Amino acid sequence: MINTILFVAVIVLMLILFALLVVILLEYRAKKSYDHYIMESGNVEEELSQAAKREEAEGGYREIERAIPSPREQERSVEEIVRDTVSEIEPQTANEPQESATRFKQFPQKESRERENNPAVEEILHRSYKPFTHDRLVETMGLSAQEADEFVLELIHQLEDAIVELDGKIEAEDFDEVEHITHGLKGAALNIGSGGVADILVDYNNEMKNGGDPERASAYQELLRRAVSDLKIEYSQVA
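Counted the way the numbering used here counts, the sequence shown spans residues 1008 to 1246.
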């Protein structure tokens, strides 16, 4: 009888130990699964963070790409400018010398007037300026030389129109408007580069800020015409 009781007790004890072992194993597997879940969650969060950063960077690249015109758009813009310029040029008569076709306009011929010997005016006319360069576009904005050339061409067209307008303002002695126009031209030129027309426009605009004088304004007009003519020659192949 005692042996039977002992046998049953041993069996019960073994079952209890087995149950405890099963519980321990289940807890171990549960903890391991939880640790794996935490690790996976951390990886997912990191991947989401990296994906967000990549999307933000790609968005910035897309904005830059949209801001820079494609080669096809640049080519189309060039063709439109050529067509507009050609339509504005009047046909030449047979007696007039034929000039090579470019995108540049021709300045209207001005009657030469005898000018009294004014030392201040002569000093302006004999000033020497460094050649104009588009260094700011290349160095600051990172454009290629070919892309920067297109900006110089646009500046030339802007100056062509402005010179004709300035002639009329000087003749009417509207020097406030001359100061306003040269201020805008100065900013446009300085955004592209330095030397040449940029430096001339700085001096021209400063002169007009200090009060207008027809002879001195006309002298700066002459300097500006020469500088623009030099740019036309320099960029004739680009045009």
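In case anyone wonders, no lab produced these hints; they're calculated from the structure. Being a predicted model, the structure only gives us computed values, none of them experimental. Hints should not be assumed to be uniformly reliable.
To be verified - Below, simulated SDA-like cross-link-like pairs (lysine to any residue); rule was C-alpha separation at most 25 Å, straight line:
no. : residue 1 : residue 2
1   : K1193     : N1124
2   : K1137     : D1181
3   : K1193     : V1209
4   : K1038     : V1019
To be verified - The following label-pair restraints were derived from C-beta to C-beta distances:
no. : residue 1 : residue 2 : range
5   : N1217     : E1178     : 17 to 23 Å
6   : Q1244     : L1132     : 28 to 34 Å
7   : A1179     : E1146     : 24 to 30 Å
8   : V1145     : D1181     : 15 to 21 Å
9   : E1172     : P1138     : 24 to 30 Å
10  : H1187     : E1146     : 28 to 34 Å
11  : M1148     : N1213     : 34 to 40 Å
12  : E1222     : H1164     : 15 to 21 Å
For glycine and all other residues, C-beta sits at the position ideal for the given N, C-alpha and C.
Consistency of beta-carbon spacing, D1181 to V1145, with hint 15 to 21 Å: With Cβ atoms ~37 Å apart, the hint is violated.
E1172 paired with P1138, Cβ distance criterion 24 to 30 Å: The hint (24 to 30 Å, Cβ to Cβ) holds, given that E1172 and P1138 are roughly 25 Å apart.
Hinted pair K1193 and V1209, Cα distance within 25 Å: holds, 6 Å
Pairwise beta carbon distance, E1222 to H1164, judged against the given window 15 to 21 Å: Between E1222 and H1164, where Cβ atoms are some 28 Å apart, the hint is violated.
Pair hint outcome, K1137 versus D1181 [Cα-Cα no greater than 25 Å]: Violated, at roughly 30 Å.
Beta-carbon spacing of M1148 to N1213 - inside the hinted bounds 34 to 40 Å or not: With Cβ atoms ~27 Å apart, the hint is violated.
K1038 paired with V1019 [C-alpha distance capped at 25 Å]: violated, 29 Å
E1146 and A1179 - C-beta distance against the hinted 24 to 30 Å: violated, 40 Å
N1217 paired with E1178, Cβ distance criterion 17 to 23 Å: holds, 20 Å
Pairwise hint evaluation, N1124 against K1193, where the allowed Cα distance is 25 Å at most: violated, 29 Å
Beta-carbon spacing of Q1244 to L1132 - inside the hinted bounds 28 to 34 Å or not: holds, 29 Å
Outcome of range test on Cβ distance (H1187, E1146; 28 to 34 Å): Check passed, 30 Å falls within 28 to 34 Å.
Hint compliance for this structure: hints 1, 2, 4, 7, 8, 11 and 12 are broken, all remaining hints hold.
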